[in-house]
Each structure stands twice: as structure tokens, then as C-alpha cells.
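Q: Sequence:
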Amino acid sequence: MLKILVVEDNQDFSEGACQFLKRHGFDVKGAPDANKAYDLMYVNQFDLVISDMTIPGIDGFEFVESVRKLNTDIPIMLISDRDDLESKQLGYEAGIDDYMTKPINFEEMLLHIGALFRRAKIDENQRVTMGKFVLDMDEHMAYNDGEPIELTVREFNLVFKLLSYPKRIFTREQLMDEFWEANTETTIRTVDVYMTKIREKLADVDCFHIATVRGLGYKAVPNEVKMSQQM
Numbered sequence: 001m002l003k004i005l006v007v008e009d010n011q012d013f014s015e016g017a018c019q020f021l022k023r024h025g026f027d028v029k030g031a032p033d034a035n036k037a038y039d040l041m042y043v044n045q046f047d048l049v050i051s052d053m054t055i056p057g058i059d060g061f062e063f064v065e066s067v068r069k070l071n072t073d074i075p076i077m078l079i080s081d082r083d084d085l086e087s088k089q090l091g092y093e094a095g096i097d098d099y100m101t102k103p104i105n106f107e108e109m110l111l112h113i114g115a116l117f118r119r120a121k122i123d124e125n126q127r128v129t130m131g132k133f134v135l136d137m138d139e140h141m142a143y144n145d146g147e148p149i150e151l152t153v154r155e156f157n158l159v160f161k162l163l164s165y166p167k168r169i170f171t172r173e174q175l176m177d178e179f180w181e182a183n184t185e186t187t188i189r190t191v192d193v194y195m196t197k198i199r200e201k202l203a204d205v206d207c208f209h210i211a212t213v214r215g216l217g218y219k220a221v222p223n224e225v226k227m228s229q230q231m
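For the sequence shown, the UniProt record's numbering assigns the number 1 to the initial residue and increments by one for each residue that follows.
Errors might be hidden in some of the hints.
Here are the simulated distance ranges between beta carbons [stated by the list, open to error]:
id, residue 1, residue 2, range
1, E185, G215, 22 to 30 angstroms
2, R189, E93, 41 to 49 angstroms
3, E200, T72, 25 to 33 angstroms
4, E15, G114, 21 to 29 angstroms
5, G16, R118, 20 to 28 angstroms
6, C207, Y38, 31 to 39 angstroms
In silico DSBU-like cross-links for lysine-lysine, where the CA-CA straight-line distance does not exceed 30 angstroms [to be verified]:
id, residue 1, residue 2
7, K3, K36
8, K29, K69
9, K3, K197
In case anyone wonders, no lab produced these hints; they're calculated from the structure.
Just so it is clear, the structure is predicted and the values come from calculations on it, not from any experiment.
In this text, a Cβ means the ideal position worked out from N, Cα and C, and glycines have one as well.
Please model the complete structure; the sequences and the hints are all you need to start from.
A: Laid out in C-alpha cells, this is it:
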């Protein structure tokens with residue numbers, strides 16, 4: 001399930017946006033200020049950040065810049081009362097991917113979100129495709145050249161996350177925080193066990209491989225790209 005962070009101090013708007021997006025199949029968390037947003041980003045791997053321009057404690061542009069320094073790839077949408085060109089220019093220079101002006105129509109916002117995910121290689125049907133390999137979130141199934149591959153729910157979610165951001169490194173800790181329960185007694189080495197099983201199941205997939213980055217974690221790499229970190 002794709003995760004969205006909504007940073008908005010207007011409680012009515014935040015609750016309305018979160019409820020709307022949850023009804024459309026997203027895992028959504030709301031933050032009333034930047035500090036709470038940072039806390040949530042520390043323990044969650046979000047796929048999209050939606051932030052108001054005016055949030056307590058920090059200018060919206062500064063918040064965007066701080067998020068972009070932490071994550072160069074995550075899509076960021078800025079929402080604002082201001083419709084002037086200067087504000088939009090400052091937003092895009094800070095690192096946003098989209099800009100919407102209040103009052104926000106949630107149905108229109110959903111269209112913008114779909115476009116952002118398509119740019120991140122995640123389509124509106126929550127399907128990731130690389131070559132002849134397809135991950136379908138609605139079916140929770142993997143296909144290689146049309147042939148199904150049996151993956152457990154956790155295996156599927158791990159591959160979906162890696163393929164959603166090709167060549168981006170995810171640490172073992174990040175993957176553990178997202179895909180294992182917070183009170184689990186499992187160690188981060190369990191991630192290695194899962195990756196071994198996944199590689200075995202995807203042995204016939206020739207369009208990408210899951211590379212181990214020594215001392216860090218894992219990433220999905222298209223096979224035309226040779227990475228020195230691969231083990």
C-alpha cells in the first residue's frame with residue numbers, strides 16, 4: 001500500500017484529506033507541524049509528501065528543502081493559498097514536484113497524485129512494470145512474461161518498494177521499520193533472509209536484479225546497469 005504524509009495544521013483540511021485518500025486505498029498519516037512530520041518520516045518510508053506552505057515553526061519552502069535533502073526522489077506536492085507565479089517558482093526551486101492552490105478539490109488532488117506516482121513509475125492501478133516483469137498491487141501478484149510468481153505478502157511488498165524506486169538504496173533498518181511490526185523481536189538480519197528467498201523466486205527474471213550495497217542495504221537495479229556494490 002502506498003504511503004502518503006499530509007503536513008497541514010488545519011485540522012479540518014488534514015482530516016478531510018486523510019480520510020479521502022484512505023478511501024482510495026492509500027496509507028495516510030497526518031502531521032500538524034514540521035517536527036511531527038520529521039518524527040513520522042524517521043519511522044516510515046513514505047511514497048509522497050503533501051505539505052501546506054504555511055506550517056507552524058518553519059516556512060513551507062524551508063520544509064521542502066529539508067525533506068529534499070533527506071530524500072532526493074520522493075514526490076512532494078505543495079498546497080497554498082497563494083496563486084502567484086513567484087510562490088510557485090520558489091516552490092519548484094525548493095524541490096517540489098507539484099503545486100496546488102486552495103481551495104483544494106480532493107478529486108482533482110487525486111489526479112495530481114496519480115500523475116506524480118506515474119512519474120515515479122507507479123501507475124494509478126498501483127502496478128509497477130519493468131521489462132516483462134509486473135507487480136500488481138490490486139492482485140498482490142507478480143508476473144514474469146505473463147507467468148505468475150508466488151510471493152508472500154511481505155516478499156511482494158519488499159519487491160514493490162524496491163522496484164518503485166530503481167537504483168535507490170533502502171537500508172535494512174528502513175525496510176524493517178516499514179514491513180515488520182514495531183514490537184517484533186526479529187533482527188535486521190531477517191531482511192537478508194527474505195532477500196535470499198526473493199532472489200531465488202525471481203531467478204528467471206532477467207530485466208533487473210536486487211543488489212546488496214555493503215554496509216547499507218538493498219536496491220533494485222535494471223540489468224543494463226552494472227553496479228560495483230552488487231554481491
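Q: Given the range 22 to 30 angstroms, decide if the beta-carbon distance of E185 to G215 lies inside it.
A: Since the Cβ atoms of E185 and G215 sit about 24 angstroms apart, the hinted range of 22 to 30 angstroms holds.
Q: Confirm or reject the claim that R189 and E93 have a C-beta distance inside 41 to 49 angstroms.
A: holds, 42 angstroms
Q: Between C207 and Y38, is the Cβ distance one that fits in 31 to 39 angstroms?
A: holds, 36 angstroms
Q: Compare the distance between the alpha carbons of K3 and K36 with 30 angstroms, and conclude whether the hinted pair is satisfied.
A: holds, 16 angstroms
Q: Range first: 20 to 28 angstroms. Now tell me if the beta carbons of G16 and R118 are that far apart.
A: Cβ of G16 to Cβ of R118: about 25 angstroms, so the range 20 to 28 angstroms holds.
Q: If you check the beta carbons of E15 and G114, does the distance land in 21 to 29 angstroms?
A: holds, 22 angstroms
Q: Is the straight-line distance between the alpha-carbon of K29 and that of K69 30 angstroms or less?
A: Holds, at roughly 21 angstroms.
Q: Given a hint of 25 to 33 angstroms, does the C-beta separation of E200 and T72 actually sit inside it?
A: Taking Cβ atoms as reference, E200 and T72 lie about 32 angstroms apart, which means the hint holds.
Q: Take the C-alpha atoms of K3 and K197, compute the straight-line distance between them, and say whether it is at most 30 angstroms.
A: holds, 25 angstroms
Violated hints: none; the structure is consistent with every hint.
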